[in-house]
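Its first residue numbered 1, the sequence shown is counted upward by one per residue in this note's numbering.
These are calculated hints, taken from the structure and not from any lab test.
Built from N, CA and C at the ideal position, the CB exists for glycine as well.
One should not assume that every hint holds.
Capping the alpha-carbon separation at 25 Å, the derived lysine to any residue pairs in SDA-like fashion look like this [what the hints assert, rightly or not]: (1) K152 to P123; (2) K61 to E47; (3) K121 to A62; (4) K61 to K152.
Label-pair restraints from in silico Cβ distances [claimed, not checked]: (5) N136 to P87: 31 to 37 Å; (6) E151 to F82: 18 to 24 Å; (7) E116 to G53: 18 to 24 Å; (8) E58 to K152: 29 to 35 Å.
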Amino acid sequence: MVKGPNRAPNRAVIAPTKGIPMRYMLIMQVGAEAAAAFDPETFDMAEAYAAMGAYNEELQKAGVFLSAEGLSDASEGFRVDFDSVPPAVTDGPFAEAREVFTGYWILEVASREEAEHWARKCPLGPGTALEVRRVNELSDFDQNDEWIAKEKEWRAANS
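Start from the sequences and build out the full structure, keeping to the hints where you can.
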């Protein structure tokens, strides 16, 4: 079982699945039109920080919060495309992108339903979305594979 630093011993669980915790990543996406329309002069950052802070605090109190990070602007990023040899590197921003990834949370929950519960509570507005994906665990892979065994050793050494 993966234990985060903020696991609450008696948290409420929605529709538990055999008592086995799962990690889910909530990936924040902003539509290209919403990103282009963003005006830092009129946007109330203090209000946004307060809403996100309250959400993160609620996740922590519930014992499901493992981590969260915001991402820098796409103009600071780059893409590595493996369609060519050597792989091609393209600096951002990416004109063809319909959505921009702006941050993520990793939660440890008992079920898909609990992940959905927390995703629905995220204080995002129009033009934004959360893509929610279960994080694979080592137990999801062939336990006889030598690389899976090495991965277990690496994780044990770094925990």
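Going through the hints against the structure:
A threshold of 25 Å between alpha carbons decides the hint, and for K152 with P123 the separation of about 36 Å lies outside it, so the pair is violated. Note on K61 and E47: the hinted pairing holds, with a Cα-Cα distance of about 21 Å set against a maximum of 25 Å. Our distance criterion of 25 Å between C-alpha atoms is met by K121 and A62, whose separation comes to about 13 Å. A hinted pair counts as satisfied when its Cα atoms are at most 25 Å apart, and K61 with K152 does not qualify at roughly 30 Å.
The supplied range of 31 to 37 Å is broken by N136 and P87, whose beta-carbon atoms lie about 24 Å from each other. Between E151 and F82 the beta carbon distance is about 22 Å. The supplied range of 18 to 24 Å therefore holds. The hint said 18 to 24 Å for the Cβ distance between E116 and G53, and at roughly 22 Å that hint holds. Under the hint 29 to 35 Å, the C-beta atoms of E58 and K152, about 33 Å apart, fit the expected range.
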